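Mind docking chain B on chain A? Use the hints.
Listed below, chain by chain, are the residues.
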Amino acid sequence: MEISVDQYGHKTVVKLRENRLDAAMAVRFKDALKTVVDDGAEFMILDMSDVGFMDSSGLGAVVAHMKYMGTERNFEIANLTPTVEKVFKLTRMDSVFKIHKSIADAIPEDLKNAI
Amino acid sequence: MNEPSPAPEPIFLRQFKSEQENVSNILSELDLWMSGDARLKSHCEDVAIVLAETLNNVVEHAYKGSAKGDISLFVGVDTDQLCCEVRDFGEKFPGIPHPQEMSGPEQNFEDLPEGGFGWFLIQSLTTKIESVSDDDSNCIRLIFDCSPKDS
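From first to last, the protein sequence lines are chains A and B. Everything in the first sequence is counted per the working numbering, starting at 19 for the first residue and increasing by one. Everything in the second sequence is counted per the working numbering, starting at 6 for the first residue and increasing by one.
If you are wondering where the hints come from, they were derived from the structure by calculation, not from laboratory data. Do not take every clue at face value.
[To be verified] Chain A regions said to be covered by chain B (calculated; three or more residues, Cβ under 8 Å):
| no. | stretch |
| --- | --- |
| 1 | 28-41 |
| 2 | 54-63 |
| 3 | 83-95 |
| 4 | 101-109 |
[Unchecked claim] In the DSSO-like style, the derived pairs of lysine-lysine whose C-alpha atoms are separated by at most 27 Å in a straight line are:
| no. | chain 1 | residue 1 | chain 2 | residue 2 |
| --- | --- | --- | --- | --- |
| 5 | A | K48 | A | K116 |
| 6 | A | K104 | B | K97 |
| 7 | A | K48 | A | K104 |
| 8 | A | K48 | A | K29 |
| 9 | A | K119 | A | K85 |
| 10 | B | K133 | A | K107 |
| 11 | A | K48 | B | K22 |
| 12 | B | K97 | B | K133 |
| 13 | A | K48 | B | K69 |
| 14 | A | K119 | A | K29 |
| 15 | A | K33 | A | K48 |
| 16 | A | K104 | B | K133 |
| 17 | A | K119 | A | K107 |
| 18 | A | K48 | A | K85 |
| 19 | B | K46 | B | K69 |
| 20 | A | K29 | A | K85 |
| 21 | B | K22 | A | K107 |
| 22 | A | K48 | A | K119 |
| 23 | A | K33 | A | K85 |
| 24 | B | K46 | A | K119 |
| 25 | A | K116 | A | K104 |
A quick note: this is a predicted structure, and the numbers were derived from the prediction, not measured. Just so you know, even glycine gets a beta-carbon here, dropped at the ideal spot from N, CA and C.
Isolated chain A, as found in the complex (with noise of 0.2 Å):
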């Protein structure tokens, strides 16, 4: 499970460096995701420009994480490729996460030129 993690001020972006997000990962995903807030981070942007595809075992795991960062922090999403986005849209979990566009849209103005 191969993930980057870039800080834009308050900001965690972690991008997942992966084509799939299948059974296979869901695990290690998580645990890989965990580390990541275990170690400080408050506001979570998950970048899934590089994910091709996501099973349902994914998008749980997605949720689960969602769970895991609590209501005290925050989760968000960026860069849904079309196959992942009709999986977050069918099974309507697109209504339950804050999705962002691009990498761009999530982060704050004056960070922008950064990226």
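What follows is chain B alone, placed relative to chain A:
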């Protein structure tokens, strides 16, 4: 003078052991195979989602996580439909569940579902589902409409 034989309909057949990694690899191969056929290309997304859910169910429920089970996947194309057959020799398939609605953001944060999306996705994206199990094996047949108007 003999008429040229019609081109054979495309077929994708794989037999593999019940491991999640194998499911991922086979589905990547299927995506490549479908992408090469103009008629099937536009159905790659739906077929990938449906087969991922179906094969994961086999790994998790029919074989209960054991990596020793045999799975076969057949994908064939008829004039206007794509048929996928998934066969396993594990625990007897309990039957196709009744379609359910997914609840949205109206529920409590703690109650948001972390699972149970699988059959919903399968039923949302297929034209028809058949269970044709016998005494020795379970077989699920998943039909997708691929008439020319869709391609």
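(message) Next pair to validate is A:K119 with A:K29; report whether the Cα-Cα distance is within 27 Å.
(response) Roughly 16 Å between the alpha carbons, so the hint for A:K119 and A:K29 holds.
(message) Hinted pair, alpha-carbon criterion (27 Å max): A:K48, A:K29. Please report holds or violated.
(response) It holds: about 19 Å lies between the C-alpha atoms, which stays within 27 Å.
(request) Sort out whether A:K104 lies within 27 Å of A:K48, counting only the CA atoms. (result) 21 Å, holds
(request) Decide if the proposed pair is consistent with the structure: B:K46 and A:K119, CA atoms, cutoff 27 Å inclusive. (result) 25 Å, holds
(request) Take the C-alpha atoms of B:K22 and A:K107, compute the straight-line distance between them, and say whether it is at most 27 Å. (result) Violated. B:K22 to A:K107 sits at ~32 Å, over the 27 Å cutoff.
(request) Can you take a look at whether the stretch 28-41 of chain A is actually covered by chain B? Rule is 3+ residues, C-beta closer than 8 Å. (result) Our answer is that it holds, as 3 residues pass the Cβ test (under 8 Å) against chain B, meeting three.
(message) Check whether the Cα positions of A:K48 and A:K119 lie no farther apart than 27 Å.
(response) 23 Å, holds
(message) Against the 27 Å threshold, does the CA-CA distance of A:K104 and B:K133 hold or violate the hint?
(response) Holds. A:K104 to B:K133 sits at ~20 Å (cutoff 27 Å).
(request) Decide if the proposed pair is consistent with the structure: A:K33 and A:K85, CA atoms, cutoff 27 Å inclusive. (result) 19 Å, holds
(message) For a C-alpha distance cap of 27 Å, please report whether A:K104 and B:K97 respect it.
(response) 31 Å, violated
(request) Sort out whether A:K107 lies within 27 Å of B:K133, counting only the CA atoms. (result) 21 Å, holds
(request) Below or equal to 27 Å on CA atoms is what counts here, so check A:K119 against A:K85. (result) 22 Å, holds
Against the hints set out earlier in the document, violations occur for numbers 2, 6, 19, 21.
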